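**Student:** What follows is the residue order along each chain.
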Amino acid sequence: MAKNTLYDKVWDAHIVTRLPTGQYQLFIGLHLVHEVTTPQACDMLRERGLRVAYPERTVGTMDHIIPTDSRERPYADAQAEAMMAALERNTREFGIPLLDYGSGRQGIVHVIGPELGLVHPGMTVACGDSHTATHGAFGTLAFGIGTSQVRDVLATQCLSIAPLKVRRIEVGGTLGTGVTAKDVILHIIHELGVQGGIGYAYEYAGAVFETMSMEGRMTVCNMSIEGGARAGYVNPDQTTFDYLAGREYAPKGDAWERALRHWQSVASGADAEYDDVVELSGGDIEPRVTWGVNPGQSVAVGEPLPDPALLPAGERETAELAYAHMKLEPGQRMTDLAIDVAFIGSCTNSRISDLRAAAEIAKGRRVAPGVKALVVPGSQQVLKQAREEGLDRIFTDADFEWRDAGCSMCLGMNPDKLVGDQICASTSNRNFIGRQGSPTGRTLLMSPAMAAAAAVEGRVIDVRGLD
Amino acid sequence: MTETRIRTIDGRALAIRGDDIDTDRIIPARFLKEITFENMGKYVFHDVRFDESGGRKPHPFNEAANEGACLLFVNANFGCGSSREHAPQALYRWGIRAIVGVSFGEIFAGNSEMLGMPTATASAETIAALQDAAETAPATEWTLSLESMTVSGGGLELPVHLAENRRKALLEGYWDSTATLVTNAALVEQVAARLPYMHGYD
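First to last, the sequence lines map onto chains A and B.
Going by my numbering, the first sequence wraps up at 467, each residue one higher than the last.
Going by my numbering, the second sequence wraps up at 202, each residue one higher than the last.
In short, the hints are calculated from the structure, not lab data.
Quick caveat: nothing in here was measured; it's all calculated off a predicted structure.
For each residue, glycine too, the CB sits at the ideal point set by N, CA and C.
If you want the ones that stay clear, here's a sample from chain A, every Cβ over 10 Å from chain B, calculated:
1. Gly364
2. Ala368
3. Trp402
Calculated pairs, EDC-like style, for lysine to aspartate or glutamate (alpha carbon to alpha carbon, straight line, at most 16 Å):
4. Lys33/B to Glu81/A
5. Lys33/B to Asp77/A
6. Lys252/A to Asp202/B
Kindly produce the complete structure, drawing on both the sequences and the hints.
**Tutor:** Below, the structure is given as structure tokens:
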């Protein structure tokens, strides 16, 4: 059993009681809600005559279904309009603050929570979205939950949940030029497998994470679930505190000083014990691209695709399915592959540093003929900042489409979708079959710089070799 | 609120083969735009069951012999991916009442429990035997017993596992967690009062 880790400290501080089943009732410090998983949860509350217990610890916004090319209401899609109307009605009825377009703070839940300073080290966070582990970047325990659990948190500000084991993933050394947080997490998932994290919270530690920006840490923690881990976190440090300082909902003045002392106390102790420790070397990591149908199926960009016969027995069948769906062959290189679409966005990679990295590639270049390239900022604030820096112009001058904030082409719930078997260089988090809205669509996960490079070259390319 | 104790699940079974069957495959995201779960049963495995013009493709959920089955035998990491409760809802509303597999995506397993639908695990050999038996003799009547932690049918009786807290929740009827959690409101207030961020870190 893990001892004196951040996980243990935060978990223990939030235990309400042990339930008759043996699970724990855990208090949730921040509940982020969005349009997709709330309508049914709010209906359930009404059926049972329940109210929202802590509306002030709940924040709503819209991200999954909204179009990113037009904000005009009613939406062309009647289902999207109905869902949005339900969110507006429910947040009003239950007294939940809603950060909508008019607020200037709308965006992807996992982008706005951190940027508004709502997420503090030592908190528990829940959201009806599997990428909630993003908030672990701040030294929180953050859980993705289903609709019935959204109902639980709305009604009681608590979850019924079983304890996790803790695996420390230590990545030492330094990252090479052109290697990003996205490559680090794709490497980790490749090494440990998409099932490797089942039953665990991942603690990301070591020199690579100590020197990584908050936005990079968010990218890493975001994809914990893709490695099977229910939660993932980085211990809070000066980088965390510097990021939070001055943000809208961060403590100010004396409260800031008191908060700092508390935040420092929640980090894993020097004597912490773990259920498992994995050590990896940052110097071994190269820019990575997925070639298959789960986020574990990736290669270093120049590497030939694996021979299924040489893979562990458990991975062979999925590899064969992946080759069939992706229309790829073992031994082929991803750099041979032409793309149809490039998507820069999603809760994984739509923050200002992601857009800067993509803009650096786009600057002075043009999207290759026949390629559709989208840049979708994660929030209205990211969009505003990008405009102030002139990034929007860099993108539009290079023939990228510049959109409003939302989940866009990550998940096929809004008008941004792949068509037929299009190949998409995507900065999102999942390459599951059908994920980007076309049952035969093909997704290649990669970093923002790599996706921008693929857009301008019209094929996958090692960003380090771009002229 | 809910007093349903779940001891056994009895009925016919069907098998879905393959590791890492993700929630996008169980229910594609476009169906999540409906604001109720009502129709989800119709959409289960939609894009692998139907072609683009709506024609049926060969799939266990399309076979007449499997209609009315309530047990599902799957392989490893079933339900990995998104937190969408629509995935277990779709299976449940189609008629599934219990799933037996090598392993499950964690959020999926939790969501299934919230519906009173156990996700029991078993060895790869056990699963292979169950899947073979269900495919060759789809009329077999099976029993998943949460008391003896076995699945039996067609002359087989094989051991399965379920985390003790999940098993207890189902056996004792506590799986509707809201009902349990609301009874501890006073304790919740005490914990909230102790947490520094709940009162400006004073």
